[in-house]
Structures are given as structure tokens and as C-alpha cells.
Amino acid sequence: GENVEQHPSTLSVQEGDSAVIKCTYSDSASNYFPWYKQELGKRPQLIIDIRSNVGEKKDQRIAVTLNKTAKHFSLHITETQPEDSAVYFCAAANQAGTALIFGKGTTLSVSS
Amino acid sequence: SAVISQKPSRDICQRGTSLTIQCQVDSQVTMMFWYRQQPGQSLTLIATANQGSEATYESGFVIDKFPISRPNLTFSTLTVSNMSPEDSSIYLCSVDTMGTEAFFGQGTRLTVV
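Protein sequences appear in the order of chains A and B.
Here the first sequence is numbered in my numbering, starting from 1 and rising by one per residue.
Here the second sequence is numbered in my numbering, starting from 1 and rising by one per residue.
Derived by calculation from the structure, the hints in this document are not laboratory data.
Please note: incorrect hints may appear among the correct ones.
[What the hints assert, rightly or not] Within a straight-line C-alpha distance of at most 27 angstroms, the following computed DSS-like cross-link-like pairs (lysine-lysine) qualify:
| no. | chain 1 | residue 1 | chain 2 | residue 2 |
| --- | --- | --- | --- | --- |
| 1 | A | Lys42 | A | Lys22 |
| 2 | B | Lys65 | A | Lys68 |
| 3 | A | Lys68 | A | Lys42 |
| 4 | A | Lys37 | A | Lys68 |
| 5 | A | Lys71 | A | Lys57 |
| 6 | A | Lys58 | A | Lys104 |
| 7 | A | Lys22 | A | Lys68 |
| 8 | A | Lys58 | A | Lys22 |
| 9 | B | Lys7 | A | Lys42 |
| 10 | A | Lys22 | A | Lys71 |
| 11 | A | Lys104 | A | Lys57 |
| 12 | A | Lys58 | B | Lys65 |
| 13 | B | Lys65 | A | Lys42 |
| 14 | A | Lys68 | A | Lys104 |
| 15 | B | Lys65 | A | Lys104 |
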């Protein structure tokens, strides 16, 4: 089955800096890669996703890149703000209707 | 987008007892999923619940411990049976819209004492 590795486990940046979180997946059939943000005590919320027919997707300060050959994808947050502080999870799914398999999460801390 | 109502939102239970968690969706969905999130950890898939058939469990999870019902296309329950303190976790139900965003319930925070 699918296995998703996520690095780093913790990331501390200064406000205004960029943050990058990387994930690798094992199942070459995976074709959907979302990123979730989870604030303390809350449910995971989707922040951006990408499909295997696209190499990059951007939404304001957030971007995701996908390298299918290497089976890795990355989350990029630019101009970080203290409210970006949270736990971020990457995930992968291999076909419509299957469950997401999550990475172990990255705790991002943005200090002002 | 799907709206998922999950209850209870939290509970404190005695070891050896069972708790049933309910998940209601505002639209019909084929697949519903149950996840466990242990303190400070990621989300681990427990099982996939399909309407009209037995749930499919992931490695490490068994039906006797986590029986699941899926009586229709908008509702599912997860029971945590014969609980021990190690079962203290957040349990989340989820639905997907066939290959797009997965939506989560607000979670059930279970503490076993």
C-alpha cells in the first residue's frame, strides 16, 4: 500500500521568510496530493491540492510542486505570517474514492 | 462541499466500556472513512465504510475492536470496544467527493480512564 514520508517534522522560521515542506510517496499509481493545515484542537483543513497531470499549482502565498518521476511533492509558503503557525500534513490517494494516506506532519512555527 | 456532523465531540469513558461515534453527512456519498489521530500524531486510517457491505479495515485494526456500521449513504458509526487508555485519541470521519477534497468531521476527542 501507499506510504507517505514527510520532512521536516518541525520547522521554525521568521515572519516574512519562506517555508518548504517535502513529502515522498511510494505508490506510483497515486494521482492526488492534498495538503492540510491543522490548528490546535481543530479538524484538518485543505489548503491546496495538486493532481498528477500538473507540475505546479499556486494560490496566493502557497504553492505546491509535484515531481512524478521522483515521486515527491512539496509545499511552499512565502512571506510567512504568525497565523501560518500550525501542523501541516501532506497526503496521497491513488484513485477516486480511496482514502488519503497522510504523512506524519510538520509543525511550523512562525515567529514575529 | 460536504458538511459532516460528528458526535459526540468529546467523551471521557471508563476502561472496558464501549463508545459509539456517529457521523452524518449532508449529501449522499459512496465512501466514508474513519481515522484515528493519537496525541501529537498524524491521521491513521482505521477503515473504509461502504454502504451495503462490510467495512474494509487497515492493517492493525480489526472489526471486533472497531465495528463499523454504514446503514445508508449519509450515515456511519464507529464503535470503540472494550476501551483501554491506549484508545485515547481523536477519531475523525471523512468523506471524499470521488477524487477531490476530503472533508472531515470535527472529530471526537476520546479519553479513557
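Going through the earlier hints one by one, which of them does the structure break, listed in rising order? 2, 3, 12
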